[in-house]
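Each chain, letter by letter, is given below.
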Amino acid sequence: MLRKVSNFVTGTARMAFLGGNKLYYAWLGLLAFCIVQGLFAYAQQFEHGLIVTHMRDSVSWGFYIGNFTFLVGVAAAAVLLVIPAYVYDWKPIKEVALFGEMLAVASIVMCLLFVMVDMGHPERFWHLIPGLGHMNLPSSIMAWDSLVLNIYLLVNLSVASYLVYCAYYGIHYNHKIVVPLVIFSIPMAISIHTVTAFLYNGMASRPYWNSAILAPRFIASAFCSGPALLLILFQILRKVSAFEIKDEAIHKVAELMSYAMGFNLFLFGAEVFKEYYSNTHHLVHYQYLFAGLHGKPSPIALYAWMSLIFAVVSFLLFLIPKTRRMPLTMNIGCVLIYMSVYIEKGIALIIPGFTPDQLGQVYEYVPSATELRIAAGVFGIGFLLFTLMVKVSVVILFEREQGPAHA
Amino acid sequence: MSDLTVTPLPVPEPPAEGFTRREALILGLFALAGAATTSGCSSDQKAMDEFVQKHFKDLSPEELKTVLARMEKNLTKKYGKPVTVSATPAMEGVLFGYALDLSRCIGCRRCVYGCVDENNQSRDPQTHYITVLEMDKEKGVDLQDANAYYDHETVPAEGKFYMPVSCQQCENSPCSKVCPVGATWKEPDGIVVIDYNWCIGCRSCIAACPYGARRFNWGEPNIPADELNPVTEYLGNRPRPRGVVEKCTWCLHRVRKGLYPKCVEVCPVGARKFGNLLDPDSEIRYIIENKRVFILKEELNTQPKFFYYYGL
Amino acid sequence: MTGAKPAVGTVAASAKPAAALFPVAPPPFSDGVFPCSECHKPGDKVDRVPHKVEFHEDIVLHHDEKNRWCLDCHDAAHRDSLHLADGRLIPFTESYRLCGQCHGPTLRNWKAGEHGKRTGSWSGAKQYLLCPSCHSPHSPHFKPLKPKSPPLRQEAIK
Numbered sequence: 001m002l003r004k005v006s007n008f009v010t011g012t013a014r015m016a017f018l019g020g021n022k023l024y025y026a027w028l029g030l031l032a033f034c035i036v037q038g039l040f041a042y043a044q045q046f047e048h049g050l051i052v053t054h055m056r057d058s059v060s061w062g063f064y065i066g067n068f069t070f071l072v073g074v075a076a077a078a079v080l081l082v083i084p085a086y087v088y089d090w091k092p093i094k095e096v097a098l099f100g101e102m103l104a105v106a107s108i109v110m111c112l113l114f115v116m117v118d119m120g121h122p123e124r125f126w127h128l129i130p131g132l133g134h135m136n137l138p139s140s141i142m143a144w145d146s147l148v149l150n151i152y153l154l155v156n157l158s159v160a161s162y163l164v165y166c167a168y169y170g171i172h173y174n175h176k177i178v179v180p181l182v183i184f185s186i187p188m189a190i191s192i193h194t195v196t197a198f199l200y201n202g203m204a205s206r207p208y209w210n211s212a213i214l215a216p217r218f219i220a221s222a223f224c225s226g227p228a229l230l231l232i233l234f235q236i237l238r239k240v241s242a243f244e245i246k247d248e249a250i251h252k253v254a255e256l257m258s259y260a261m262g263f264n265l266f267l268f269g270a271e272v273f274k275e276y277y278s279n280t281h282h283l284v285h286y287q288y289l290f291a292g293l294h295g296k297p298s299p300i301a302l303y304a305w306m307s308l309i310f311a312v313v314s315f316l317l318f319l320i321p322k323t324r325r326m327p328l329t330m331n332i333g334c335v336l337i338y339m340s341v342y343i344e345k346g347i348a349l350i351i352p353g354f355t356p357d358q359l360g361q362v363y364e365y366v367p368s369a370t371e372l373r374i375a376a377g378v379f380g381i382g383f384l385l386f387t388l389m390v391k392v393s394v395v396i397l398f399e400r401e402q403g404p405a406h407a
Numbered sequence: 001m002s003d004l005t006v007t008p009l010p011v012p013e014p015p016a017e018g019f020t021r022r023e024a025l026i027l028g029l030f031a032l033a034g035a036a037t038t039s040g041c042s043s044d045q046k047a048m049d050e051f052v053q054k055h056f057k058d059l060s061p062e063e064l065k066t067v068l069a070r071m072e073k074n075l076t077k078k079y080g081k082p083v084t085v086s087a088t089p090a091m092e093g094v095l096f097g098y099a100l101d102l103s104r105c106i107g108c109r110r111c112v113y114g115c116v117d118e119n120n121q122s123r124d125p126q127t128h129y130i131t132v133l134e135m136d137k138e139k140g141v142d143l144q145d146a147n148a149y150y151d152h153e154t155v156p157a158e159g160k161f162y163m164p165v166s167c168q169q170c171e172n173s174p175c176s177k178v179c180p181v182g183a184t185w186k187e188p189d190g191i192v193v194i195d196y197n198w199c200i201g202c203r204s205c206i207a208a209c210p211y212g213a214r215r216f217n218w219g220e221p222n223i224p225a226d227e228l229n230p231v232t233e234y235l236g237n238r239p240r241p242r243g244v245v246e247k248c249t250w251c252l253h254r255v256r257k258g259l260y261p262k263c264v265e266v267c268p269v270g271a272r273k274f275g276n277l278l279d280p281d282s283e284i285r286y287i288i289e290n291k292r293v294f295i296l297k298e299e300l301n302t303q304p305k306f307f308y309y310y311g312l
Numbered sequence: 001m002t003g004a005k006p007a008v009g010t011v012a013a014s015a016k017p018a019a020a021l022f023p024v025a026p027p028p029f030s031d032g033v034f035p036c037s038e039c040h041k042p043g044d045k046v047d048r049v050p051h052k053v054e055f056h057e058d059i060v061l062h063h064d065e066k067n068r069w070c071l072d073c074h075d076a077a078h079r080d081s082l083h084l085a086d087g088r089l090i091p092f093t094e095s096y097r098l099c100g101q102c103h104g105p106t107l108r109n110w111k112a113g114e115h116g117k118r119t120g121s122w123s124g125a126k127q128y129l130l131c132p133s134c135h136s137p138h139s140p141h142f143k144p145l146k147p148k149s150p151p152l153r154q155e156a157i158k
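Residue numbers (my numbering), protein chains in the order written: chain S, 1 to 407; chain E, 1 to 312; chain B, 1 to 158.
In short, the hints are calculated from the structure, not lab data.
Keep in mind that a hint or two might mislead.
[Unchecked claim] Chain S residues, not near chain E, derived (Cβ > 12 Å throughout):
#  : residue
1  : 10
2  : 11
3  : 20
4  : 22
5  : 24
6  : 33
7  : 190
8  : 229
9  : 263
10 : 384
[Stated by the list, open to error] List time: in silico DSS-like cross-link candidates among lysine-lysine, alpha-carbon distance up to 25 Å:
#  : chain 1 : residue 1 : chain 2 : residue 2
11 : E       : 137       : B       : 143
12 : S       : 296       : E       : 139
13 : E       : 291       : B       : 41
14 : B       : 52        : E       : 291
15 : B       : 143       : B       : 158
16 : S       : 94        : S       : 176
17 : E       : 186       : E       : 160
18 : E       : 54        : E       : 177
19 : E       : 81        : E       : 257
20 : E       : 57        : E       : 73
21 : E       : 257       : E       : 291
22 : E       : 73        : E       : 54
23 : E       : 160       : B       : 158
24 : E       : 160       : E       : 177
25 : E       : 160       : B       : 146
26 : B       : 148       : E       : 160
27 : S       : 296       : E       : 81
28 : B       : 111       : E       : 257
29 : E       : 81        : E       : 46
30 : E       : 54        : E       : 65
31 : E       : 257       : E       : 139
32 : B       : 148       : E       : 137
33 : S       : 239       : S       : 91
34 : S       : 239       : S       : 22
35 : B       : 111       : B       : 143
36 : B       : 52        : B       : 143
37 : S       : 239       : S       : 252
38 : E       : 297       : S       : 274
39 : S       : 94        : S       : 296
40 : B       : 158       : S       : 296
Backbone N, C-alpha and C fix where the C-beta goes; we use that ideal spot for every residue, glycine too.
Work out the full structure, taking the sequences as your base and the hints as a guide.
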């Protein structure tokens, strides 16, 4: 048994790093570069503290937590893609589920890394381990979030590695184990993003977040960004491997994304209406988001408008059947959706919530170079993990003769 | 392939005895502590002791004694003068309250710097617990129009009034509610405290506080040795490490010995009032019963024990 | 740290011990002016018409000056004391009784601890400041102060 596992590990490692084309190695090189420079940046932060970021007491969360929030959405939506795969009975259902789970694993790893780099005392993470530390349950949403994210990671990691392991040895996976876990991961996916939304939602101190439709907005936008990433991946895989997915399946996902984006825009509109029509003091945060305060233009307004325009354009591209089916416009739509949601979660969610601060003071936060570099490093790690996992699965599933591997 | 079940959680069975847990922890996470240590062999032991230290409330009396002794030793060495670290418990039958007369405050910021000296706040990077807001008399309390950075030749400036804000010591404190590790809590005498050795530095509490009262040590805090207040409390004014949150404790190290908080004593206009809410003869009760007091952001139901009023 | 302050109530140079109920800090005399009887002798001629006083040039009366004069509060016959409106003498350490004749509600709030500054212990012995400690009796309006420096803008914290 132990030998089988060690063979599996060395075998898959060989598959991950050997036998790729030039582009593959260039991609790995790029990711390695991101990681290495990120490590250097993190070493600097470790040495001097979070003062090397531009976060300060007024804006006490920034780019790291924005990325964390975005990636929770990606992690959730990646698995949710399993639902249409089942409903519409696509042929490569197993592969779609597998890639979804792998994307979820990579995203959650990035989430946890972003939380780690945001912590003032990362070495005290054990205070959050149940039974060992001192978790503040049930009242702390952050404690719940750390719990559900770790369970979600564990479930997806188990399922994904088990499926690959079985495929590696050409044995059939045990339905009784996999199916309940995959089904369990679907409500888990909804719950991780809901709990993450509640993290902000529950803070009466920040009227910008203290809105009941924040969690629904999170879910709606996640249904856009996660599939956007997977659609691009499916097309690449279709080109470079024996992975098969019908056009109809891709178009169906795009159609679902347009509904999700439509709903997302509707919810956003409802929020904007409430704030601007009632015109209470809470409006200041939206004013900072879209224009600026005290006659000074806000450094994030440009991004906010970009996010909104990208959302509307991609919504239209995916809504109109013709542009949805045309590969070029569909891929443009995917990129626009991804960028729109990335800006919305990474920048437009966190920063305006803190600006102006609780006492009306304005600190104009923009991420420091160190923050950007560390974030690039974390993305490097996540994408590398995802790339290697996908590479291994592609080799096992499509390129190798099926059957037990040599010992 | 029935043995292919989910990987077991890397978490030990339900609470074993504290000591074995600590032992397991030391073994399992030694490498991390090593990484956390910045330099030197002697600091390795210190870092390890801090790393495995339990939550303040989980410390037995003996363990607490050891921890306090270790801190006193380390701080005495660091600052080159005797530093005491105590863990004075809350008094029985005491619930502290604070009142501030907005009609008297002139915005001179004596309280801000008195507090810095008394509570060993970092001088560089600068940390202040008290933010004094300047607002227009014509507009009244309007935070969106408030300015914390005013700089006049003399105060009060024409047409302005001043509102100092610091921790409101909420009965229903949102900061302690959101803390994922329970590193901040409300003491029996109503003061919200932080275990700086348990805080993981996630800053959820800063996001949750409606009063902008909490401060994070973004960099290494810096206090000149000759300015250090050597009489300190574990949950109060002992020098804080980098990467943790701190806040006003109403001078826990003073008020639990019966003294007034420093800000009350340095206020040149007597705008600041402090006392026991449970004592009907206290000045704080007199003010609440006889003046028109208000609390900041009342609609959030945080139930501050910090009352503002207009004495004139 | 407790009890570091000098014991209260044993103050005010030659004046009588202050009333135990309100332990106050010493009256804030200018240097060398007290006791007044050093200069003002019992036999001195007393001019009750308001006029400029040469020795006390620094005193500018801005305290209902149209209706008030030195000897409304200072006693001509007992220079080291003050007197109330009904003529009863009081020591300088009880000047609040004099001020309270006009400022009744303020005296009430001061006694309760609401008006003025308290130091010492919230639970035990408190030290009160006399009215003149903050308000010059001759010109009681609180003088503006130079504020301490503003906090650094967060952009400047590096």
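Hints and how they fare:
{"no.": "1", "hint": "10", "in the structure": "holds (19 Å)"}
{"no.": "2", "hint": "11", "in the structure": "holds (17 Å)"}
{"no.": "3", "hint": "20", "in the structure": "holds (29 Å)"}
{"no.": "4", "hint": "22", "in the structure": "holds (36 Å)"}
{"no.": "5", "hint": "24", "in the structure": "holds (29 Å)"}
{"no.": "6", "hint": "33", "in the structure": "holds (24 Å)"}
{"no.": "7", "hint": "190", "in the structure": "holds (21 Å)"}
{"no.": "8", "hint": "229", "in the structure": "holds (26 Å)"}
{"no.": "9", "hint": "263", "in the structure": "holds (27 Å)"}
{"no.": "10", "hint": "384", "in the structure": "holds (22 Å)"}
{"no.": "11", "hint": "E:137 to B:143", "in the structure": "holds (19 Å)"}
{"no.": "12", "hint": "S:296 to E:139", "in the structure": "holds (22 Å)"}
{"no.": "13", "hint": "E:291 to B:41", "in the structure": "violated (47 Å)"}
{"no.": "14", "hint": "B:52 to E:291", "in the structure": "violated (42 Å)"}
{"no.": "15", "hint": "B:143 to B:158", "in the structure": "violated (37 Å)"}
{"no.": "16", "hint": "S:94 to S:176", "in the structure": "holds (15 Å)"}
{"no.": "17", "hint": "E:186 to E:160", "in the structure": "violated (35 Å)"}
{"no.": "18", "hint": "E:54 to E:177", "in the structure": "holds (20 Å)"}
{"no.": "19", "hint": "E:81 to E:257", "in the structure": "holds (23 Å)"}
{"no.": "20", "hint": "E:57 to E:73", "in the structure": "holds (22 Å)"}
{"no.": "21", "hint": "E:257 to E:291", "in the structure": "violated (28 Å)"}
{"no.": "22", "hint": "E:73 to E:54", "in the structure": "holds (19 Å)"}
{"no.": "23", "hint": "E:160 to B:158", "in the structure": "violated (31 Å)"}
{"no.": "24", "hint": "E:160 to E:177", "in the structure": "violated (36 Å)"}
{"no.": "25", "hint": "E:160 to B:146", "in the structure": "holds (15 Å)"}
{"no.": "26", "hint": "B:148 to E:160", "in the structure": "holds (17 Å)"}
{"no.": "27", "hint": "S:296 to E:81", "in the structure": "violated (49 Å)"}
{"no.": "28", "hint": "B:111 to E:257", "in the structure": "holds (24 Å)"}
{"no.": "29", "hint": "E:81 to E:46", "in the structure": "holds (19 Å)"}
{"no.": "30", "hint": "E:54 to E:65", "in the structure": "holds (13 Å)"}
{"no.": "31", "hint": "E:257 to E:139", "in the structure": "violated (41 Å)"}
{"no.": "32", "hint": "B:148 to E:137", "in the structure": "holds (21 Å)"}
{"no.": "33", "hint": "S:239 to S:91", "in the structure": "holds (17 Å)"}
{"no.": "34", "hint": "S:239 to S:22", "in the structure": "holds (16 Å)"}
{"no.": "35", "hint": "B:111 to B:143", "in the structure": "holds (23 Å)"}
{"no.": "36", "hint": "B:52 to B:143", "in the structure": "holds (24 Å)"}
{"no.": "37", "hint": "S:239 to S:252", "in the structure": "holds (19 Å)"}
{"no.": "38", "hint": "E:297 to S:274", "in the structure": "holds (21 Å)"}
{"no.": "39", "hint": "S:94 to S:296", "in the structure": "violated (53 Å)"}
{"no.": "40", "hint": "B:158 to S:296", "in the structure": "holds (23 Å)"}
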